[in-house]
Each structure stands twice: as C-alpha cells, then as structure tokens.
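Colleague: Residue 917 in our numbering sits at position 385 of the sequence shown, and the numbers go up by one each step.
Since the hints were made in silico from the structure, they are not lab data.
Every residue gets a Cβ at the ideal spot worked out from N, C-alpha and C, and that includes glycine.
Incorrect hints may appear among the rest.
[Stated by the list, open to error] Simulated restraints on C-beta separations:
1) E643 <-> F879: 21 to 29 Å
2) F881 <-> L646: 34 to 42 Å
3) V623 <-> T966: 39 to 47 Å
4) S850 <-> K913: 25 to 33 Å
5) F920 <-> E717: 15 to 23 Å
6) D543 <-> Y572: 17 to 25 Å
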Amino acid sequence: MAKEITPRSQDYAQWYQDLVIKADLAETSAVRGCMVIKPYGYAIWEKMQQALDKMFKDTGHVNAYFPLFIPKSFFSKEAAHIEGFAKECAVVTHYRLKNSPDGKGIVVDDEARLEEELIVRPTSETIIWNTYRGWIQSYRDLPILVNQWANVVRWEMRTRLFLRTAEFLWQEGHTAHATSEEAVEETRRMLDVYEKFAVEFLALPVIKGVKTESERFAGAVDTYCIEALMQDGKALQAGTSHFLGQNFAKAFDVKFTTKAGNQDLVWATSWGVSTRLMGALVMAHADDDGLVLPPKLAPIQVVIVPIYKNEDQLHAISEYAASIKNMIEKKGISVKYDSRDTQKPGFKFAEYELKGVPVRIAIGPRDLENKTVEVARRDTKEKAVYQFTDLDLKIEHLLDNIQQNIYSKALSFRESNTWHADSIEKLISILDNTGGFVYAHWDGTAETEAKIKEITKATIRCIPLNNPKEEGQCILTGKPSKERVIFSRAY
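Build the full structure now, drawing on both the sequences and the hints.
Modeller: Below, the structure is given as structure tokens:
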C-alpha cells in the first residue's frame, strides 16, 4: 500500500494528497472545491469534537445553533469585517427553480428573486450579534458564553483536502461581556484551551502569539493564535481567538444597563478551529507508510490480527482474542478484531499501518501455547512479545507512551527547525533550504511587513506571547526593533 503513496522527499504536496485519499480520510466531491469526509476521517474529527466540546463546557460554555444564511445588509454594518470576507462569499439570489421552457432540464425562476440577497455563512459574527441584541438588556444578562458547531463556506479557488476547501466544518465561539478586561481574559483563556488540546490530543507543539495588524481577523481588535510547524518546514495556523472589542456591538447596537445604571456597549470575543486540524494531524506526524495517529484521536487504538492455517486454529485464536479484546476494552480502549478471511495477515498489517492504528497485536498458534501476543507500535514500528498477564495495563501504558513519543518527536523537529536571522538574505536562505520558524527583527510597520512578504513569500506568523525583549534592527529597513517575530512560509 505504501508503494501507492508518493514519498515525502519526492513531492510533499502529492504525498499529502495521496495519503489523505489512500487512508480513507476524504476525497474530492462532484462540487468543485468541496470534499467528502469519509467515515474513517469523520471518526477522527468526532474524537476532536468530543474532546474540544468537553473542554468548552468545562470552561462554562454552552452550544447553540444559528442560521446558515445571513442577510447581505448585516455584513455592511461592520466595514472591516465585510472587507475581509467580501471576495469569499457565496450569495443566494433566488429561491425557486422551474422547468426550462425548451423542456431541457431546469432553470432559475427569474420571478423568484429574493428581495435581499443572502450570504452563505463564511463566519457568524453578524447574525449572532444581531441576535444578541434581543438577548442582552442588563449586566445581569452577561456574560454570554456560546459555541456553535457548524459548516461554513468561503469560496476558495485553490483547494486542498482539509487544508483549504470551499466548505469546511468548524466550531466558532461567540461570547459577550460587560467589560474589556473580561473579554480579553476570555480570549486568552480560549487560546489556552486550544494549546492544551493541541498538545494533549493532537500531540502537536504550538507557539502562542498575537497576529500583526495586517494578519488580524477582519473586524478584530486583536487576534491571538497558535502556530504549528509541519514536516516540510511550513507553518500552519492551528487555532485563533479574537478580541473583538465593541466593534460588533456598535454595528448592531447591542447595549446593556450597567450596575451603575448607565448604558454601555457590550464587549465581544470569537474563537474557532476547523477540520484544518485534520490536515495538521497528517502533515505533522505521518510518514511514507501512512498515518501516525496519536492514540487519543485514533478511531481504532488497538487492532488484533489472527495468524492461522486452518479453521480449528482460527476458532481457538478467536476465543483467545475475544478474552484479550474484552480485557483491554474495560480500560476504555477501542479494539478491533479483524478476522476477515478475504485478506492475508500481511495485507492487514499494511492496511492498519496506512491508517495509523497505534498498536497492532498479532496472535498465532504459538501465542496460544505460550499465552503471549506479538505487539507492534505504529510510531516506532518496534515489535515485542507480551505475556497475557496484565496485558490490559501494559497496553494502556504503551498507548500513553506512544502519545508522548509522537509529541516529543514533533517538538524535536520544531526545535531543530527554529532559526534566527539578522538579515533579509539569511531569512531567504533559511526559507529556501530548510524552512521552519525564523525569529527576526521587524520595524513594526505594515509597509515593511508587506515588502518582506513580497520578497520572501513568508508571513509574520505571530508575535510570541511572553516574547523576550531584545533590541535589534529590522532585517529589511535597519530601523530599531524591540523584539523578534516569527516568520515562516505557511499553509
């Protein structure tokens, strides 16, 4: 199966595309720019959802749902917001079809034009803040801590499965607060939640930072982010949390009566992650033989494959496997027993390696006699013989070890691909030869930022939080700089 996947060293982009398709994560659809998320891929996304949803609820948030369609006039209320999304919006203009007069198919009914066009949700700030106006009258109504699991549409012309598609799945949190301090605290709290999820579930080391003004979310006062490094040396934004100030409250006239009896505008945040994290999971951990899934996100954490010559052996092995499966499942571990007689063990080994199943257990006739199993781990491909005694505890410990090892490997990769550059020439050399995160000085102006991007095709990924102050000179203009920022080419 691995022979059907282009090696990373040969063509990284094609390797990614091959792997997503061959591992049954997703495929392109009949709708240009859209994808079909297949059951195995969706099972991973469900694991992400479950983990994040619990983290949201543990921090006091509740789920709600808002319309897919947004009146066009809502977008015109917040100028920066519409400017940021105008070129990506899909617009609904009619509400009915009719049979073609020539009898050949159907056509749009010109008489069914909407009085006001509807925008297919690219993000929900406008519809939600129009709704919040009816929910908020007093300080007693605050804070509102709401999350939405939904799909959004952003009309992308150059698409890549999971990383950039016209329609994708995500969650978007939208909260309302009585004070600026509360809203900023919420923004930072959710950034911490995303970091915790990335580290503990995705096994992905990330850098927390704040975006430059030109890279902020449209309509935000500040955008905080977590940035991750992929195996080809490019960065991927793995989550964002936005402090929206009072911009949307002003646009939609959302006011409240304070404790002192005064009228004030509400303070806002929004934050989200998407199925782009599926792409991060592949690009950060997979190898030329397939996926390498962190156990906490693997739909199948352990697979058991029988090795036998006849039906009698299969029957005995199946009974032994059933006892092992039952024992391990009591630990809350997902186990699959693959007794298909249509495929040989070697095929199954390759299939589960491709799908990134963390642990494979093989059982043959000799294992029955010795009360043992052969255990192979996907991350290192090491094999070992385990005794039946306390096998559940051993597998539980092994899965924890695999989760940590995958993270440690990704962290080591990032550390070995983190650089410092003190000139534009050095920045270009690093980006062209190795890629990675490059710490460099910048004079703080949008003009210089745009010029560096034009020259290097790299962007400022973030200004790291808790960044050490360091006097220096901008790599392009030579003007004074008080800290380094992170440059990288990115997805």
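Colleague: Looking at the structure, which of the earlier hints fail to hold?
Modeller: The structure conflicts with hints 1, 2 and 5, although it agrees with all the remaining ones.
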